[in-house]
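There are 2 protein chains.
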Amino acid sequence: MNKKVYFAGSIRGGRNDAEFYRRMIEFIKKTDTVLTEHIGDLSLSSLEHGEDHDVQIYIQDTAWLRESDLVIAECTSPSLGVGYEMAYAEKLGKPVYIFYNRKKANLSAMLAGDSYFHIFPYEDEEEVFPEIKRILEE
Amino acid sequence: MNKKVYFAGSIRGGRNDAEFYRRMIEFIKKTDTVLTEHIGDLSLSSLEHGEDHDVQIYIQDTAWLRESDLVIAECTSPSLGVGYEMAYAEKLGKPVYIFYNRKKANLSAMLAGDSYFHIFPYEDEEEVFPEIKRILEE
Chain A
1 MNKKVYFAGS IRGGRNDAEF YRRMIEFIKK TDTVLTEHIG DLSLSSLEHG
51 EDHDVQIYIQ DTAWLRESDL VIAECTSPSL GVGYEMAYAE KLGKPVYIFY
101 NRKKANLSAM LAGDSYFHIF PYEDEEEVFP EIKRILEE
Chain B
139 MNKKVYFAGS IRGGRNDAEF YRRMIEFIKK TDTVLTEHIG DLSLSSLEHG
189 EDHDVQIYIQ DTAWLRESDL VIAECTSPSL GVGYEMAYAE KLGKPVYIFY
239 NRKKANLSAM LAGDSYFHIF PYEDEEEVFP EIKRILEE
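Sequence order for the protein chains is A and B.
In terms of the working numbering, the first sequence opens at residue 1 and continues consecutively.
In terms of the working numbering, the second sequence opens at residue 139 and continues consecutively.
For reference, chain A alone in the conformation it holds in the complex (with noise of 0.2 Å):
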């Protein structure tokens, strides 16, 4: 209980998977903590940036990774910082649940060929939530 949970999802890969990464993030929240929250910001848009912030948003977010408990990362949206951050969270050793919709995408061989990773492909949303239930429960 209260674990600390780093979500992933895309931002400026793409945002079309906004509204769920919302409500997984919801549904977190509800018994545990998420640091990265704006994540699931229907506000935020694939086109902010500015150099200095980037430079912000990397400290922050990989001083996220290591604060957390767990990563859960939706991976259905094709992403270069969501490709990172799982490789950064192996190489701290954090356990990752990593969620796609297998009728969307075909999740990267880097990420389905990585026995490291917990892979869980669904084929309706509403699979993800008792899934989530259970790995926060572990």
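Simulated from the structure, these hints should not be mistaken for laboratory data.
Be aware that one or more of the hints could be misleading.
In the SDA-like style, the derived pairs of lysine to any residue whose C-alpha atoms are separated by at most 25 Å in a straight line are [said to hold, decoys possible]:
1. B:229 x A:104
2. B:141 x B:188
3. B:232 x A:29
4. A:29 x A:92
5. A:104 x B:243
6. A:104 x B:242
Since the structure is predicted, the reported quantities are computational estimates derived from the model, not experimental observations.
Add chain B to chain A, keeping to what the hints say.
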């Protein structure tokens, strides 16, 4: 001369830039070796997959990353695999050179904000080749 280059580009994230990957790979091969020549294979589909196959890809690609002298990545298209490879190459201490078309994409803050990487935004594909030449001659 005859450096071993790990070239990184999107496969399952989308093959929009595959023809440009092919041109970059052909250019590098004039003087040096590209370990990941298949990235520029125009018959390679974003749909190829299979669980055992994924494990083989993962093992092969991480072996090539370890074997490489440097990494050159084209990051205009978002890609989980390329993002993973960037963090993996950083962990190994390999020099990483990232190109992206700033008219088409905003680079992820997890790459743009990480001072480890050498980043080259471009507006015209032709700008890339003299930069690659310079990198290979370093």
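For each hint, the structure was consulted:
Restraint check for residue 229 of chain B and residue 104 of chain A: the C-alpha separation of about 31 Å exceeds 25 Å, so the hint is violated. Straight-line distance between C-alpha atoms of residue 141 of chain B and residue 188 of chain B comes to about 32 Å, which puts the hinted pair past the 25 Å bound. At roughly 39 Å between alpha-carbon atoms, residue 232 of chain B and residue 29 of chain A are farther apart than 25 Å, so this suggested pair is violated. As the CA atoms of residue 29 of chain A and residue 92 of chain A are separated by approximately 24 Å, the hinted pair is consistent with the 25 Å bound.
Distance check on the hinted pair: residue 104 of chain A and residue 243 of chain B sit about 22 Å apart at the alpha-carbon level, within 25 Å; holds. Of the pairs offered as hints, the one joining residue 104 of chain A and residue 242 of chain B holds, with about 23 Å between alpha carbons and a cut-off of 25 Å not exceeded.
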